[in-house]
Every structure is written in C-alpha cells, then in structure tokens.
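**Student:** Sequence:
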Amino acid sequence: MSKKTIMKNFVATLTLLITCITAVTSQSCEELLNAVKNNNKVKVENILKNIHPNCIHDNILQPRSPLGMASSNGNLTIGKALLNAGANVSFRHHNDASALMIAAQNGHYEFSKLLIDQGAYINTKISRDGTPLMSAIKGKNIDLIRLLLRLGANTNVSLAGDGNALILAAQSDNLEILELLVSYAADVDTRTIGDGTALIQASKRGNIVIVKALIKLGADVNKKSHGDGNPLIAASKSNHLEIVKFLVDSGANINVHVLGDETPLIGAAWNGNLSIVKYLIDNGADINMSVRDNYSILSEKRNALKMAKRGNHKEVITYLISKGAN
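Going by the working numbering, the residue at position 48 of the sequence shown is 48; the numbering climbs one at a time, nothing skipped.
Any given hint could turn out to be false.
[As the list claims (entries may be wrong)] Restraint ranges, calculated between C-beta atoms of paired labels, are given here:
#: 1; residue 1: H93; residue 2: E45; range: 16 to 24 Å
#: 2; residue 1: N40; residue 2: S183; range: 37 to 45 Å
#: 3; residue 1: E176; residue 2: S290; range: 39 to 47 Å
#: 4; residue 1: K140; residue 2: N95; range: 20 to 28 Å
#: 5; residue 1: N312; residue 2: N123; range: 49 to 57 Å
#: 6; residue 1: N59; residue 2: M289; range: 50 to 58 Å
#: 7; residue 1: K245; residue 2: D58; range: 47 to 55 Å
Read the hints as simulated data drawn from the structure, not as lab findings. Glycine included, every Cβ here is placed at the ideal spot set by N, Cα and C.
Sequences are here, hints too, so could you generate the full structure?
**Tutor:** Structure follows, in structure tokens:
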C-alpha cells in the first residue's frame, strides 16, 4: 500500500471519528437541553455525568446552551446544578443573548441574582439584544432593575436598532421605570439610530403621561434625530392630537423639518388627519412649505397638498386649498 493511499485512509478514518464524536456530543447536548427545558432535574444531573454543560446544540431549541435554557425557565435548582458542574455564566451561542439577559427579560429576579453572584457581567452589550438592564426593562421586573442599577448598570448605553434603557421604558409606558432610570443619571435626550429619543418614542406611541414626564424631566421638545424625525413630527404622523397640542404649548417648532422626514403638517396631511392639519395651520404652520423626501437633492419635493392628494384625503385637500395651499 502506497504512502498516498495510507494517508488518504488515515484522513478518512479521522474525519469519520470526528463526525461520530460531534454527533454524540450534539445528541447529548440536545438531550441536556430538553431535560433543562422540561425542568427534569434528575435527568439533567445524570446527563451532566457524561457531558460538560458548556455545550451548544444549534437546532430548533432556543436558547441553544443549557444555562441559557435554564435562564429562560428561571429554574434555580437546575441553574445551580449546571453552575456546580462548571457552566460558565458568559458561555452562549453567538446568536443568543447572555444568560443574564435571558433571565432578566423573563423577569426572573432570583435566577438573575444567582448569575450575578457567579460573576455575570452586568454591562454586557450584544447587538439585537441590548444589555442586561435593557432586558430587565423588557421583563418589567422593577426589583431586578433596581438591583442592576445599584450594582452599576450603565443607563446610557445605546445600540443602533435596540434603542437604550430610557427609550425602552418609554415604549413600555412605565413611568416608575422611567423616573428610576433618570434618578440614576439616564440622559433624557440620548439619541439612538433607528429609535430616536425617548420623547420621540413616547410621542409616536401617544402616551401623554410619559410625554409630560419626560418634558418635566428636561427632555428637549425640539430634539431632532435624522431618520426618526422629532417629537412633534412623530405625534403628527401618528395622529395624536393631544400630544401635538402639548408639544406646541411646550415650545415645539411647528415648522420643523428633519432630513429624511416630513414636516408635522405634511405628515398629518399625508395621513389625512384633518384635526391635526387644522390645529397646525391655526398655530402658524407654513401651508406651502416644501421639503425633499430624503437626503438626495434629486429626491422628490413634497408639501402638504401634494401628500394629501397622494393619500386621496378629500376633506384635507379641500381645507388646504381653502387656506391658500398650492
């Protein structure tokens, strides 16, 4: 047998051996994940005799690691068993959040505390998942939020597409969390790409209580966020007349324009909201103001009448023309 043939056979055998080992490990990890998912402590402990808990099963089960799955369930007994067997609190599949984030988002205070006591980092940042504090806000467990803040969680971390802690509090319509974050130095005017500011989000959602609270806490009513507009634009486009009035009374610029967005009047006209259109014009909105629809100088120029016609909003069209729109 030639050296070349021997080498080919060796490589083939080694490949088969690796494949078999991987299959056994994957199967065992899948069994462990299922046992954790089903809160089967006895089976978990038996499987842990043969497999290390820092394993991944990349299949339909999510989270894809045993500790991540236990964090989702909040089962302290199983969590402790995994940690005692050597589970790393930072170990995760690259598409999963951290164990602490998973526990926090599910509102599991005791499990989160267990992970923190075992060294879980409270300021981890993961794209599309945020931070443990942001996860806790989603989970709406005020005691866990307080714990993270006391331990030094950063209130001002921003991630494009994920927002920040204050934006999430505004989106959850939770005044208590909002005020708590500000008491721990959250910046009320922090901007995040794709989300704007907390006040923009509250204005878009139509929560007047949160809008008033943010302005009372010092939020800038005219803060712009390219691609996300500003509070008055958001409220006008989202049909929230009460918030439109409050923002104007609080000093909002009625003819504001943000690159990549409309003016408040154009947004209201396009949506066909006659009440907001009338209010804005009565309070000084420029009826014939034209803006481009994006950043390019070649992009379409828009005004209130043009966009009302595009939306086929006949009452708005008639009203605008009666006020001199052209």
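**Student:** Evaluate each hint against the coordinates.
**Tutor:** A quick look at each hint next to the structure:
no.	hint	in the structure
1	H93 - E45: 16 to 24 Å	23 Å, holds
2	N40 - S183: 37 to 45 Å	43 Å, holds
3	E176 - S290: 39 to 47 Å	44 Å, holds
4	K140 - N95: 20 to 28 Å	25 Å, holds
5	N312 - N123: 49 to 57 Å	50 Å, holds
6	N59 - M289: 50 to 58 Å	55 Å, holds
7	K245 - D58: 47 to 55 Å	53 Å, holds
Every hint, counting from the list given before, is met by this structure.
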